[in-house]
Amino acid sequence: MSDLDTFRMDARAWLEENCPAEMREPMKGDKDACWGGRKFVFQSDAQKIWLERMVAQGWTVPTWPKEYGGAGLSRKEEIVLLQEMKRIDARNPLSSFGIWMLGPALLKFGTDEQKAEHLPPIARGEIRWCQGYSEPGAGSDLASLKTKAEDMGDHYIVNGQKVWTSYADQADWIFCLVRTDNTGKKHHGISFVLFDMESEGVEARPIKLISGRSPFCETFLSDVKVLKKNLVGEEHKGWSIAKYLLTHEREMIGNQEGVTRPLHEIAASSLGLQDGKLADPMLRAKVAEAEIDEWAFNLTMKRKLAEAKAGASLGADSSMLKYYGTELNKRKHELMMDASGHEGLEWESERSNDGKMARSWLRTKGNSIEGGTSEVQLNIISKHILQLPGA
Amino acid sequence: MALVLNEDEVMMRDMAQGFFAEKAPVKALRELRDNRDETGFDRGLWSEMAAQGFAGIVVPEEHGGVDMGYLAAGLVAEQMGRNLTASPFLSTSILAATALKHGSEEQKAAWLPKIASGEAVIALALDEGVKHNPRGTATTAEPSGNGFKLNGAKAMVVDGHVADVLIVAARTSGEDGDADGLSLFLVDPKSKGISTERTIMVDSRNAARVDFEDVEVSGDALLGTLDGGMDVLNGVLAAGRGIAAAELLGAGAQAFEDTVAYIKERKQFGEIIGSFQALQHRSSHLYSEMEIARSAVVGALTALDEGHEEAAQFCAMPKAKLGSVAKLASQEGVQMHGGVGMTDEYDIGLFMKRIRVLQELMGDAHYHMNEFAEANSY
Numbered sequence: 001m002s003d004l005d006t007f008r009m010d011a012r013a014w015l016e017e018n019c020p021a022e023m024r025e026p027m028k029g030d031k032d033a034c035w036g037g038r039k040f041v042f043q044s045d046a047q048k049i050w051l052e053r054m055v056a057q058g059w060t061v062p063t064w065p066k067e068y069g070g071a072g073l074s075r076k077e078e079i080v081l082l083q084e085m086k087r088i089d090a091r092n093p094l095s096s097f098g099i100w101m102l103g104p105a106l107l108k109f110g111t112d113e114q115k116a117e118h119l120p121p122i123a124r125g126e127i128r129w130c131q132g133y134s135e136p137g138a139g140s141d142l143a144s145l146k147t148k149a150e151d152m153g154d155h156y157i158v159n160g161q162k163v164w165t166s167y168a169d170q171a172d173w174i175f176c177l178v179r180t181d182n183t184g185k186k187h188h189g190i191s192f193v194l195f196d197m198e199s200e201g202v203e204a205r206p207i208k209l210i211s212g213r214s215p216f217c218e219t220f221l222s223d224v225k226v227l228k229k230n231l232v233g234e235e236h237k238g239w240s241i242a243k244y245l246l247t248h249e250r251e252m253i254g255n256q257e258g259v260t261r262p263l264h265e266i267a268a269s270s271l272g273l274q275d276g277k278l279a280d281p282m283l284r285a286k287v288a289e290a291e292i293d294e295w296a297f298n299l300t301m302k303r304k305l306a307e308a309k310a311g312a313s314l315g316a317d318s319s320m321l322k323y324y325g326t327e328l329n330k331r332k333h334e335l336m337m338d339a340s341g342h343e344g345l346e347w348e349s350e351r352s353n354d355g356k357m358a359r360s361w362l363r364t365k366g367n368s369i370e371g372g373t374s375e376v377q378l379n380i381i382s383k384h385i386l387q388l389p390g391a
Numbered sequence: 001m002a003l004v005l006n007e008d009e010v011m012m013r014d015m016a017q018g019f020f021a022e023k024a025p026v027k028a029l030r031e032l033r034d035n036r037d038e039t040g041f042d043r044g045l046w047s048e049m050a051a052q053g054f055a056g057i058v059v060p061e062e063h064g065g066v067d068m069g070y071l072a073a074g075l076v077a078e079q080m081g082r083n084l085t086a087s088p089f090l091s092t093s094i095l096a097a098t099a100l101k102h103g104s105e106e107q108k109a110a111w112l113p114k115i116a117s118g119e120a121v122i123a124l125a126l127d128e129g130v131k132h133n134p135r136g137t138a139t140t141a142e143p144s145g146n147g148f149k150l151n152g153a154k155a156m157v158v159d160g161h162v163a164d165v166l167i168v169a170a171r172t173s174g175e176d177g178d179a180d181g182l183s184l185f186l187v188d189p190k191s192k193g194i195s196t197e198r199t200i201m202v203d204s205r206n207a208a209r210v211d212f213e214d215v216e217v218s219g220d221a222l223l224g225t226l227d228g229g230m231d232v233l234n235g236v237l238a239a240g241r242g243i244a245a246a247e248l249l250g251a252g253a254q255a256f257e258d259t260v261a262y263i264k265e266r267k268q269f270g271e272i273i274g275s276f277q278a279l280q281h282r283s284s285h286l287y288s289e290m291e292i293a294r295s296a297v298v299g300a301l302t303a304l305d306e307g308h309e310e311a312a313q314f315c316a317m318p319k320a321k322l323g324s325v326a327k328l329a330s331q332e333g334v335q336m337h338g339g340v341g342m343t344d345e346y347d348i349g350l351f352m353k354r355i356r357v358l359q360e361l362m363g364d365a366h367y368h369m370n371e372f373a374e375a376n377s378y
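From first to last, the protein sequence lines stand for chains A and B.
Just so we're aligned, residue 1 is where the first sequence starts under the numbering used here, counting upward by one.
Just so we're aligned, residue 1 is where the second sequence starts under the numbering used here, counting upward by one.
Please keep in mind that the hints were generated in silico from the structure rather than gathered at the bench.
For every residue, glycine included, the Cβ atom is placed at its ideal position computed from N, Cα and C.
You may find that some hints are simply not true.
[Said to hold, decoys possible] Derived lysine to aspartate or glutamate pairs resembling EDC-like cross-links, with alpha carbons at most 20 Å apart:
id : chain 1 : residue 1 : chain 2 : residue 2
1  : A       : Lys383    : B       : Glu271
2  : A       : Lys277    : B       : Glu374
3  : A       : Lys277    : B       : Asp178
4  : B       : Lys190    : B       : Glu175
5  : A       : Lys383    : B       : Asp178
6  : A       : Lys286    : B       : Asp364
7  : A       : Lys302    : B       : Glu9
8  : A       : Lys356    : A       : Asp338
9  : A       : Lys383    : B       : Asp258
[To be verified] Output of the computed footprint for chain A on chain B, the stretches with three or more beta carbons under 8 Å from beta carbons of chain A:
id : segment
10 : 257-270
11 : 331-342
Modelling step: build the complete structure from the supplied sequences, incorporating the hints.
Next comes the structure, spelled out in structure tokens:
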């Protein structure tokens with residue numbers, strides 16, 4: 001038996017014994033996800049125990065080094081672990097921007113002190129992070145950001161406004177892009193800093209979206225003190241970290257777990273079948289096309305990850321995956337709304353689980369805007385892959 | 001499912017890449033066309049392809065092939081797509097070889113070695129109407145003496161004008177539209193009662209209309225079981241669709257790359273037109289679609305090699321996907337080439353024509369979307 005097979009057997013046995021039955025049920029809604037952090041309230045004992053046990057194994061961040069709360073697994077072992085978790089439908093024990101975004105950036109660009117200070121609390125789900133990138137005047141043109149960090153010797157004083165800060169009102173710390181120099185080209189003079197959301201001068205206001213939900217905030221920064229030990233990488237050169245991190249974000253958004261029930265089942269349960277065929281023949285064709293695309297897209301995610309050397313970034317192909325994955329997801333939700341007809345329009349009712357489908361449909365509209373719009377992704381493909389002039 | 005090529009496969013791809021670029025580039029197709037070549041492909045090239053192992057790529061070693069499987073065959077087909085190489089690879093090395101694997105020991109021994117050596121060209125006579133519809137096969141085979149008597153008319157018989165033997169699908173029982181009741185026969189195209197018309201197609205490649213009037217064949221001409229032809233055909237068409245998708249991938253990729261190269265050179269309004277965002281975004285969208293389509297081809301052919309139980313459905317999926325995507329690549333290609341895209345001098349139009357034929361062969365995107373929905377009970 002190979003080492004990998006041994007690992008699989010061990011992981012399977014451990015998961016069987018340690019994953020609570022409740023944590024093998026499908027999540028009913030957003031609130032069933034565990035985000036951790038100072039303000040998080042566990043929904044159940046099982047949720048808490050599951051997190052604690054996975055933390056003890058180092059399996060919330062399986063590939064991170066042990067000293068930072070990980071298990072030091074290889075990429076192949078991580079895949080096996082995920083397969084074994086999927087096998088018993090185990091829920092993800094911890095959803096975290098710290099794990100998905102900041103962690104990889106700190107591992108690559110952070111000092112030993114920064115890693116030791118910030119990575120273990122991320123791994124343990126004790127500190128929840130948010131991302132301070134976009135500003136009212138810097139969306140797609142992110143590098144034109146203006147939030148200013150003034151050099152005061154051993155610290156900076158930060159002033160400005162961030163927007164579309166995911167869950168800023170529930171986060172403990174923020175990783176934030178600030179301008180430390182505005183004399184050169186716009187990509188120069190950006191720095192990557194970390195600070196506590198409880199610092200004086202930080203105010204997060206939720207933004208109400210078309211879905212009726214508020215996953216994003218406006219974040220106002222007035223004379224916020226940021227110690228220089230919390231500067232990641234070199235001063236003025238934060239753009240390369242920002243880009244690295246965006247690549248991770250794109251892979252994540254492009255790869256979001258889609259609707260678990262096949263589209264055609266949702267359509268069939270709503271519209272019914274006639275002579276064994278979906279009752280709306282025009283919709284039937286579109287559903288088939290979308291399902292074939294979804295199959296091919298999922299294969300593409302796997303292929304690109306397999307092609308990239310273990311741990312390597314996908315580079316500009318992450319833009320392709322983000323673009324395609326989000327546009328496909330929007331398409332699927334449009335088709336679901338088509339199939340659901342009047343029922344899909346119910347916003348407040350028992351039958352609709354308070355407008356679950358409609359709210360999800362509206363939420364997907366942001367997929368192709370956040371993390372760089374589809375148009376920005378197409379620009380990146382044009383420039384870095386096709387190498388077209390002036391892109 | 002391995003989605004990354006292994007060393008052998010990379011070697012096969014590289015070998016095929018060099019071989020077709022050197023021996024059978026687009027220029028070779030133009031020459032065949034302009035000289036109104038009798039055969040429609042270069043028999044010398046076909047012999048060389050056999051010597052390279054391409055002709056017998058899915059033929060078992062005991063019958064003289066190299067038996068490298070369908071993914072490897074797809075890598076070869078992709079390079080043929082890139083060069084618009086004319087050859088009986090699809091008809092003979094894929095469709096016929098796959099069908100004959102279901103044959104009797106005598107049939108295998110008679111034909112598989114000749115496929116691998118490049119001595120035989122074998123054509124599948126399946127389609128009849130204007131669209132691909134195997135279940136609608138109306139050609140009949142009635143018992144006659146100790147054999148059968150065939151009547152009917154076949155169309156789009158690829159390489160049928162030069163075939164040494166035809167594999168003919170005919171109804172032996174059941175009704176129009178039934179999957180059961182079809183049978184396959186190995187038929188000598190010189191048999192009494194067969195008339196063949198060569199049909200040069202829009203892509204300058206060849207097919208034939210073949211009419212059967214009281215054509216007598218012996219009992220041992222039956223390939224596979226009586227009335228069980230669809231079982232064989234399912235495997236044959238799965239392979240054919242997967243390989244046609246691979247060729248479409250190559251043709252689409254080359255059309256796309258030629259177009260990107262063109263818009264990097266062409267100037268209008270004092271600017272390289274590739275600097276215009278209107279073209280950049282369409283090109284980048286197409287890049288994305290081609291990458292998605294490539295995964296579908298690799299995934300499907302791998303499933304076929306692994307004997308996955310849903311392999312036949314998987315092979316239809318890239319055929320559906322490429323039917324749309326390669327077509328888009330050729331249409332965008334002509335449009336972005338502008339006026340020269342309409343000229344015979346530029347290759348982009350030749351790609352458009354080949355892609356049009358390939359997407360139609362063995363079912364277009366609409367056909368396969370419908371089949372996909374049916375297979376999933378909706």
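Going through the hints against the structure:
With a C-alpha separation of about 16 Å, the suggested pair lysine 383(A) and glutamate 271(B) falls inside the 20 Å cut-off, and the hint holds. For a cut-off of 20 Å, the pair hint linking lysine 277(A) to glutamate 374(B) stands: about 7 Å separates their Cα positions. Proximity of lysine 277(A) to aspartate 178(B) is assessed by CA-CA distance (about 18 Å); at most 20 Å being required, the pair is judged to hold. In summary, the hint linking lysine 190(B) to glutamate 175(B) is not supported, as the alpha carbons are separated by about 29 Å, beyond the 20 Å threshold.
A distance of roughly 53 Å separates the Cα atoms of lysine 383(A) and aspartate 178(B); the hinted pair therefore is violated under the 20 Å criterion. Restraint check: the Cα-Cα separation between lysine 286(A) and aspartate 364(B) comes to about 15 Å, which is no more than 20 Å; the hinted pair holds. For the given pair, lysine 302(A) sits about 19 Å from glutamate 9(B) by alpha-carbon distance, which is consistent with the 20 Å threshold. Under the criterion of a C-alpha separation no larger than 20 Å, the hint pairing lysine 356(A) with aspartate 338(A) is consistent with the structure, at around 15 Å.
Distance hint between lysine 383(A) and aspartate 258(B) is fulfilled; the C-alpha atoms sit about 17 Å from each other, no more than 20 Å. Judged by the Cβ-Cβ criterion of 8 Å, the segment 257-270 of chain B is covered by chain A as claimed, because 3 of its residues qualify and three suffice. Residue count for the segment 331-342 of chain B with a Cβ under 8 Å from a Cβ of chain A: 0. That is fewer than the three needed, and the coverage hint is violated.
The earlier numbered hints that this structure contradicts are 4, 5 and 11.
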